[in-house]
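**Q** Counting along the first sequence from 1, when you hit position 536 you're at 536 in the UniProt record's numbering, and nothing is skipped either side.
Derived by calculation from the structure, the hints in this document are not laboratory data. In this text the structure is predicted, and so the values were computed from the model without any measurement. Ideal Cβ placement from N, Cα and C applies to all residues, glycine included. Just to be clear, a hint being listed does not mean it is correct.
[Stated by the list, open to error] Each pair of labels, with its calculated beta carbon distance range:
hint, residue 1, residue 2, range
1, Y497, P323, 29 to 37 Å
2, D193, P388, 34 to 42 Å
3, K570, D673, 39 to 47 Å
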Amino acid sequence: MDSSAATEWGSVGDSEIDLLLKEHENRKNSELNVNTENKVQIASSQPESVDATQQDVKLESASQDWGSMDDSEFISFVNKLSQNYGLHQPVITSQTSSDQERNAEEDENVDGDKNEAEPGDLIINDINSLDPEEVDPGSQELEFGDYEKYFRHKTLKQQQQDQEYVEFTRKARNLDYPPIFQNCVIYVNGKTDPDVRQLHKLIILHSGKFIHMLGAKGNATHIIAENLTPQKKLEFSNYKVVTPKWIVDSVEAKKLQPWGDYMLIHNDYGQRRLDFKIETTKEQDDPEISQLSQVTEPDDNLHKREDIDMPDHMNCKHPNFLPNFFANSRLHHLSSWKADLKSRFLQRAISTLRSRGHNSRPADKNVILHVDFDCFFATVSALTCNPPIDINEVPVCVTHGGNTSDIASCNYVARQYGCKNGMWLRSARRLCPNLVCLDYNFDEYERISNIFYEILLSYDIDSVLPVSVDEALVDISSMSASQHPLEIMKDIKKKVYNATKCSVSCGSGSNVLLARLALRRAKPDGAFHVEEGHVTDFLDTIKFSELPGIGPQICSKLENEMQKTVLMVKDIRKIPKDKLASIFGPKTGATIYNYARGLDDTCIDIIKNPEAFQRKSISIDVNWGIRFDKDVEVEKFLSDLAKELSKRLANAKMVGSSVTLKLATRHPDAPIDPPKYLGMGECEFVSKTSRLGHFTREAGALGNELRYLYRMLNVAVKELRGVSISMNRLSFETKKNVHGLDADQRLLPLNPTAKTFDPIPAAKSLPESTPERKANTKIYRIPENEINWEVFNELPTEIQDELRHELGRRHLSITGSLYRSPKKRKKDFFNDFKSPTKRKLVMDKVLVDSNYVEAKSRLSFQKIPITRFQEVLDKLKLWFDYTIRSDGPHEMDLDLFNEFMFSLFEIGEMTKYDSIVRLFEEKLIFSKSHPAYEEWKRITTELRTMLNEVKYDDLEFNY
DNA sequence: CTTTCGCCTCAG
DNA sequence: CATCGCTGAGGCGAAAG
């Protein structure tokens, strides 16, 4: 799309007629909200229905709070604010033409996401018979939001304009256009060539139906796109997604071309290893469409075409990236196996505790056993080869296979050449040219592991603590009263080998430390017991770095401190306790001090302290394949992560009340492309945590919060190399803690005619939120804007912070910034933000200067500030319970409640809004027989509808 | 003073 | 071709309250 054509609705047809069409098109432009001039102050490019005077009045009254402004008001307000700070340029201006395409595309995406209407609303079959003013359906029923009405109206108007245009053009050109696209309902997504306006024109002139918004699935018959984000690819996987060429060729041939020749999404990707199929473009059941497809479907053609715009390699933009990544990541498998094992053994411990009471055993003489497979992955993979490989002869390793691919595990033959686990394949091949690479076989590892644990449990042991899929700590104190630990270990080794043909090594001692160290001595394929009297002798042979919990960092720190290159445990023993504590802190210091003496009081008995073995966090880390270009892509990715996190929480039957986002960005000195393929390289890390105020695991709410945190962290998109999210402050799901639902809620005697709700104190400064007002906010959202970062950066940081939040909330573009280097930005931003004194000062200034107060802190409900949200929920619960049993809520109460809900909406407290809606939804399920059921259902449905229309993300129930 | 938050470290 | 650098626990120091 070149910039001169950008201002024209279309330039496909004869040039002399274009002049004739110009007036008509200009009108279209303003209605389609297309900015025809660059460098125009946003505030002055208002769509017709908000006139200038009206807006000025609004601006004055709204200056106390921007939550209720529509976007143009907001932008004007911000610019005015910048003047107050002595800045003479606007903060937000219209964009330059070069940015227009990009923003237009982003806006398109946002539109498609957020503005989906109900199925059936968008497509009106007989355009001529419709008069939008009369047809506006159901408006009297919609007290809330009125989004339906708005969308219907908008769609009707657009269809009508299309019709007008077609008639006008046909008349003007005296031409007939073949009805090529009859029965086609077409949606154009993103940037295309020819651009959306030209395609629009071609489609409607040839009897097609063009839709501006993608409704529920099934509405559109075709989607035109050249580039799709991964998320869009998934969303559109049930549509016929074709390139614009399909339109152009069809028009040229005056005949509908087979869509299969132009399809954009192919399904021959991502199935290399596992069955992660991308859904193929499916046939739809609509009779109209199947009729159409009979003509247009040469199925044999589908697989011949090449991918047009799929990323030619797997990275985070690929629709199947996450499942694929997790399916192939060894570290992911290790972590999830460990979590599963831990919870399984915790459950087991709790139930055995119940069934047989606490078992007493000799506490004086402990024997701990540490069992571990020898090069587990390598051994198992070698055994499952066809024919099996003799790992005692052939050097093997398990790896994905590539120069910079990690070696997950290598056998002892390979280790003799110097190969090590974690080494890159390239280095290992240099050491051992004959190295044989084996594939991962995660299923088999799991199977062997199960056998292993079954064997361990078949012994009369005191407790088992899983360390890993192939490794466990076992308390054999009772058994070793009658049997020497070495005999027990030999027996275990034999049993495991017979069952799996894999060798395990065993180490034992009087505590976990000694057992671990003994195991190291036993490897490979051996058993070693540290006798009571030989602890010090044994320890003297151990290096400091070999102690468990002592990694490279701690080791080198102490080496520097002691001016020695290799530290032995006996060297450590000479260091006084407080010196260690001063170097490493009290805890770590004490641990090291004790370890040097062979002391370790780590308890592996789950029963003794089940709390300690409960999960305290659930997280997802992706630090491979992260390469983004746009914030939108990151936000999509965060949504996907939120869904995955939600799934994992559900799996663990847990909910959480605190989310953390951690981002890794390329270190300024590190190369753009790190040595490892799609790796993260050297990175800087930032993280931010958000308290949710209530327990949840709802994917949409988590997604919102994560996107907010993402904006707060304010990193440069292209520098992102890793994304981690984590849910903390976990609790098991119960009816009570999830949404404040309590089935045994007693009915309290309230007077239904009394005002249930006090006026919200903030109500005066929060201008009224009428449905029209909300609709306006939606309609006149102005996509083309750009932040002038020079000016922006001059604003007080507190204002900057709020602005970022607000811009994000409004889905206004904050990309394309003239960003400063991550390091500098981070420093400025956080230093200012973190300092309490400075923050206070800024806030005072703001209060004086602009009368801006943080809406969040002001909002209360029945005099309960929303910060005490649980109490608000309790209050609402009472209100619901009482009124549903009588005549329903009092009108005045409902007004006040609606106002409160709008306020939540306006300050972006979507999580809380959602919690309230769901509280009602869940209560409704048990209230079918109550008199006011229907009324409450209607109220709840409207609340939910409004939420869905704004659709920050899918807020579907995820349980 | 205690609690919370961000960040680091380790293991497999 | 590449490649799948996860994840939970615990500790420390600074800041928040």
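**Q** All the hints need checking, so say for each whether the structure fits it.
**A** Each hint tested on the structure:
1. The given range of 29 to 37 Å is respected by Y497 and P323, whose C-beta atoms sit roughly 35 Å from each other.
2. For the pair D193 and P388, the beta carbons lie near 56 Å from each other, so the given range of 34 to 42 Å is not met.
3. Roughly 46 Å separates the CB atoms of K570 and D673, a value that falls within the hinted 39 to 47 Å.
Hint 2 from the earlier list is the only one contradicted by this structure; the remaining hints agree with it.
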